[in-house]
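Line by line, the protein sequences are chains A and B. Going by the numbering used here, the first sequence opens with residue -3, and the numbers climb by one from there. Going by the numbering used here, the second sequence opens with residue 153, and the numbers climb by one from there.
Hint data in this document are derived by calculation from the structure and do not stem from the laboratory. The beta-carbon is built from N, C-alpha and C at its ideal position, and this holds for glycine as well. Honestly, I wouldn't trust all of these hints.
[As the list claims (entries may be wrong)] The calculated lysine to aspartate or glutamate pairs, modelled on EDC-like cross-linking and capped at a C-alpha distance of 20 Å, are:
hint: 1; chain 1: A; residue 1: K213; chain 2: A; residue 2: E230
hint: 2; chain 1: A; residue 1: K188; chain 2: A; residue 2: E109
hint: 3; chain 1: A; residue 1: K149; chain 2: A; residue 2: D218
hint: 4; chain 1: A; residue 1: K188; chain 2: A; residue 2: E141
hint: 5; chain 1: A; residue 1: K213; chain 2: B; residue 2: E295
hint: 6; chain 1: A; residue 1: K188; chain 2: A; residue 2: E90
hint: 7; chain 1: A; residue 1: K228; chain 2: A; residue 2: E245
hint: 8; chain 1: A; residue 1: K136; chain 2: A; residue 2: D172
hint: 9; chain 1: A; residue 1: K213; chain 2: A; residue 2: E109
hint: 10; chain 1: A; residue 1: K188; chain 2: B; residue 2: E295
hint: 11; chain 1: A; residue 1: K213; chain 2: B; residue 2: E297
hint: 12; chain 1: A; residue 1: K136; chain 2: B; residue 2: E267
[To be verified] Take a look, some chain A residues computed to stay more than 10 Å from chain B by CB distance:
hint: 13; residue: D153
hint: 14; residue: Q203
hint: 15; residue: V215
hint: 16; residue: G252
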Amino acid sequence: MTDYNFAYLDEQTKRMIRRAILKGLAVPGYQVPFASREMPMPYGWGTGGVQLSAAVMTPDDTFKVIDQGSDDTTNAVSIRRFFERTAGVAVTEETQEATVIQTRHRIPETPLEAGQILVYQVPIPEPLRFLEPSEVETRKMHSLEEYGLMHVKLYEDISQHGAIATAYAYPVMVRDRYVMDPSPIPKFDNPKLHSPAIQLFGAGREQRIYAVPPFTKVVSLDFEDYPFEASKAEGACALCGADNSYLDEVIMDDAGHRMFVCSDSDFCTTRRARGHVGTEGVPS
Amino acid sequence: MQAQMLEGGFAEAPRDAAIAFRAAMRAMAMPGAIETLTGAAGPAPLSPAASVLLLTLCDPDTPIHLAWAHDTQDVQEWITFHTGAPFVAADQAMFALGSWEALAPHQDYAIGTAEYPDRAATLIVEMPALAAQGACLSGPGIETEAQLTVPDIAFSQVNARLYPLGVDMFLTHGNRVAALPRSTQVR
Ligand SMILES: [Zn+2]
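Hey, can you work out the whole structure from these sequences and the hints?
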């Protein structure tokens, strides 16, 4: 016998979160308030994603966790273990094998498929927060579709930097109605928000849940003279040679030599296993 | 009657509810998709699918409106025993349950507010049939188009025009369920 409930959370809490998820799916991009619970997680990772995963998990799921693209960080490992233990689910590092993927700061490179669920850990769910600190005011702005200030801010970025400088958490318009923060994913990932998968977003501290159903229209905000660009660092992965994946710059040695490698560790590993080799890679 | 009240619940609530919620979530995320709900069965005229939805989503925090044929002592006792949800008039309901005709007048249900569109009712509509044919659906969750038997095309068109306000529906028949959120265009 175990002394905790299936997937840790009690049934009443799960029901409350599940009702919020359904309303979120019915109104894509709208932030549904929910009563966030404490979770036994190390400080700093946030609990919104974990609470969503606990509410959607079934015993038959295969669970994957990525943190900035990697399956191996302390937090990714501990969250994976948490659900392995409390929900008895199978775990994987392979994007294709996973039925539920919890993520922080990336969307996997491997295209998601119908039936998969992507759960985002969100630190700040309100895309208008940097313009307006008051929750009462931002809620009003969303209700009135008052997004002019957001456009002005983006345009200021262009006039100052010659391009839209916002590289992460680049705001999107969901189904022509709600401006949404896609969480701090690189804007390179924004086009993947249009997906066959079910996407759920959870912010624990700010107590918000929102959702993007499969194939929902998601458009990155831009301007006619400055169209949106899903940019990334130039070049190819030094390990697997991929030139179409999001790259992280890593320092190789004390002399400060640097190289670019795939941020998505499963994508990189899979490519290398198939024989792809980059400039610094060794054939596996 | 006492025995009937006690029966028909989930055998293993946490797991049964998790599996049921996955089906309900898939239905709401992909309007037109027909999913299966099993594991619970309340007294007639409750369908197994509606019974499972109630056990999965309702509790003392979710006022329920029972419409006509579903507003029986058997059904009330079963819901009270298994969920603890209070019974209320249509305009106070977070969930409403019945046939489409019985749920009238349909404009009585909460459609949410401009700042809180989530504060809208979810109707559980017991259908005489449920199949991937009939009305044509489009919108979030649907790649191109989907077909589904819906209770009232004209109502759904009015409801969709209220977006982002409006009611959301689960359509149930036997152990099958589909959903019609307010975001779906119906013709
Ligand atoms: Zn690589």
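Quickly compare the C-alpha distance for K136 of chain A and E267 of chain B to 20 Å and report which way the hint goes. holds (6 Å)
Is K228 of chain A close enough to E245 of chain A, meaning Cα to Cα at most 20 Å? Roughly 11 Å between the alpha carbons, so the hint for K228 of chain A and E245 of chain A holds.
For K188 of chain A and E109 of chain A, compute the direct alpha-carbon distance and say whether it is at most 20 Å. holds (11 Å)
Is the Cβ of D153 of chain A farther than 10 Å from every Cβ of chain B? Its Cβ never comes within 10 Å of chain B, the nearest being 28 Å, so this holds.
K213 of chain A and E109 of chain A were given as a pair; does the straight-line alpha-carbon distance stay at or below 20 Å? holds (17 Å)
Within a Cα-Cα threshold of 20 Å, do K213 of chain A and E230 of chain A meet the stated pairing? violated (28 Å)
Has the given pair, K188 of chain A with E141 of chain A, been kept, meaning a C-alpha gap of at most 20 Å? Distance ~24 Å between K188 of chain A and E141 of chain A Cα, so the pair is violated.
Beyond 10 Å from every Cβ of chain B: is that where the Cβ of G252 of chain A lies? holds (48 Å)
Looking at Q203 of chain A again, its CB stays over 10 Å from all of chain B? holds (13 Å)
Below or equal to 20 Å on CA atoms is what counts here, so check K213 of chain A against E295 of chain B. holds (10 Å)
Pair hint outcome, K213 of chain A versus E297 of chain B [Cα-Cα no greater than 20 Å]: holds (14 Å)
K136 of chain A and D172 of chain A: Cα distance at most 20 Å? Holds, at roughly 17 Å.
Going down the numbered hints, you'll see the structure goes against 1, 4, while the others check out.
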